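Since the structure of chain A is provided, determine the placement of chain B on it from the hints.
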Amino acid sequence: MNTVSGNQHLIELAGITKVYGMGSYAMHALRGIDLRIDKGEFVAVMGPSGSGKSTCMNILGCLDIPTSGTYLFNGIEVGALSRNQRALLRRNYLGFVFQGYNLLNRTTALENVELPLIYRGASAHERHRRGREALEAVGLTGWGSHTPSELSGGQQQRIAIARAVVIEPEVLMADEPTGNLDSTCSREIMELLCAFNQERRITIVMVTHAPEMARYARRTIQFLDGLINPEEPSGEGRS
Amino acid sequence: MIWETILLAFRSIRRNVLRSSLTILGIVIGVAAVITMVTLGDGATAQVTADISSLGSNMLHVRPGQGFRGPGGTRSTADMFEVGDAEAISREIFGLEAVAPAASRSQQAIYGNKNWSTSIMGTTNAYFQVRDWNVESGRQFTGGELHSGKTVCILGSTVCDELFGDQAPLGATIRLQRLSCQVIGVLESKGQTGFGRDQDDIVMIPLRTLQRRIAGNNDVDAIYLSAQEGISTTAVKKDIERLMRERRRIAPGEDDDFHVRDMQEIVSTLTSTTRVLTALLGAVAAVSLLVGGIGIMNIMLVSVTERTREIGTRLAIGALEREVLMQFLIEAVVLSSFGGLFGIILGLLAAAAGAHALGMPFVLNPGIVVIAVAFSAAVGVIFGYFPARKAARLDPIEALRHE
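As given, the protein sequences belong to chains A and B, one line each in that order. Here my numbering is used: the first residue of the first sequence is 6, the next is one more, and so on. Here my numbering is used: the first residue of the second sequence is 413, the next is one more, and so on.
Looking at chain A on its own, in the form it has when it is part of the complex (with noise of 0.2 angstroms):
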């Protein structure tokens, strides 16, 4: 994983066809892909319901593996990877926000930042030390003590980046991370990230139905019927 070279892309996608179900069932949810993501971008992926951009995600995340066509994560061919290698490459390199949030119930805001370090067989000692870092990073300072029942979803979503961000991640994967969200508690969100992309140069991918969260992209992707659509050529998304 240390082959990150100049002229090597973080994230590239070639020909990638996702298809669900055989034959006249068949679902083809995507019709290949190509794209290259580099390290350092935030990227805003958009289009309708059921154009592919889910799945698009799941395969990008590490969560599926494509049909046909290769991802290379870092110059590792993602698809001939074992489910472990799958898990072990998420656990290390990858960070999920979802939009539903996706915390453990009656667990401290504390617990759940550092449950991803757990997994990586951090000490106790310095999984206090990142977990606490990363609360603040987020903007929790002193939260960590509180479950997610006793926070609002702004609150609750953040703790969401901090579990995500608290292994230090190359790639950080956002489902629509404020699609629960109002309009305040979304641009603090994406105010959030912005500030993990360009102060800890964590690459974003993130989905959005809101054209004003994707504006903080650098660039964003049109997804329609399981394509990448060509009409809205990818370009510079915030003035």
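These are computed hints drawn from the structure, not numbers from a lab. Please note that the accuracy of each hint is not assured.
Stated by the list, open to error - Covered stretches of chain A, going by a simulated chain B footprint (3 or more residues, C-beta under 8 angstroms):
# : region
1 : 63 to 69
2 : 83 to 92
3 : 121 to 128
To be verified - Chain B is faced by these chain A residues, among others (derived, beta-carbon under 7 angstroms):
# : residue
4 : R95
5 : R96
6 : N107
Stated by the list, open to error - One-sided and incomplete, this derived list gives chain B residues near chain A with beta-carbon spacing under 8 angstroms:
#  : residue
7  : E416
8  : L420
9  : E494
10 : K562
11 : A731
Given the structure is predicted, the values throughout are model-derived calculations rather than measurements. No residue lacks a Cβ here, since even glycine has one placed at the ideal position from N, Cα and C.
Only chain B this time, still in chain A's reference frame:
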């Protein structure tokens, strides 16, 4: 890696106190029920066995009439024995330890202003030997007292307590109806028989005294005898039957007008009763264990369904399938062990309390403890593990989408 997993398991148990305690409760109830029931059943069996041995397992008795002594009916038709019958048995039957002729009457025993209705038994010192019954204080009858029918008596401990309370009974004179009787001894306590009769509610006087001064005849109601160690009571019983038929001139083919009963008969009646009792308790306990097992199963299944999203989250952030599984397995093992432990403690306490309340001995059966705990632990682990395995094998995307 294993420590992290144990840590995760303990965190998970701690943060779901209600679910964890419900799971534990199922195991606790199952284990405690089985241990209590079986321990009480074993206690009852031990009690009965002890009662039988308090009667003397090598003891036989001969009574006139057939079968159990009915209310009068059988008695009137058959002739009573006399002392000569006892002497003949003693002389002619091989392998006897002691032979005691006895007769009894119900009578009031009076001392001072105390009055106690009891049974008066006239017999010889051989009776104490047959019953393996010692005089706790004082002495047995002397040969002279027995021979001449002196008015002396030996009290059972119940009668002694009722009449004398804290006073010293020895040397005192009690009245048995019109008969004044000097107390020369007090018997040790025998407790109740297997049928619930108080064996200590008795006053012993020389047989001749009873015959002459109370009954007014020479009848002997029963002959008690004990076989020597290693002599079959069944063989003795046959010999006595033959001898008594001869003495009572019963023609071949005619029914006996007396009955020889050995303890073997009583033992088998009682043991079969307690065996049924223990089986019944065992069945009830098995049902409790089953219900407890179903409780564990339900909670484990519900909790895994509820936790599918959690499993999805863990898988997404990079947990391996086996790490998630190991966590659930450890949770199940820890919960089952705690439940088993509390169940043992609760079961033993309940059994001890029950045994105390029922006046039975507390008999610990380690086998049933092992079985109960093994069953509950197996249920806990199996139903904790297999649904978790199903969830851990899901695609993380599927698990995350789970509502």
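Comparing the hints with the structure gives:
1. 63 to 69: Holds: 4 residues of the region 63 to 69 of chain A have a Cβ under 8 angstroms from chain B.
2. 83 to 92: holds (count 3)
3. 121 to 128: holds (count 5)
4. R95: 4 angstroms, holds
5. R96: 3 angstroms, holds
6. N107: 4 angstroms, holds
7. E416: B:E416 check passes; min Cβ-Cβ to chain A is 5 angstroms, inside 8 angstroms.
8. L420: 6 angstroms, holds
9. E494: Since chain A brings no Cβ nearer than about 88 angstroms to B:E494, farther than 8 angstroms, the hint is violated.
10. K562: 86 angstroms, violated
11. A731: Because about 5 angstroms separates B:A731 from the closest Cβ in chain A, which is inside the 8 angstroms limit, the hint holds.
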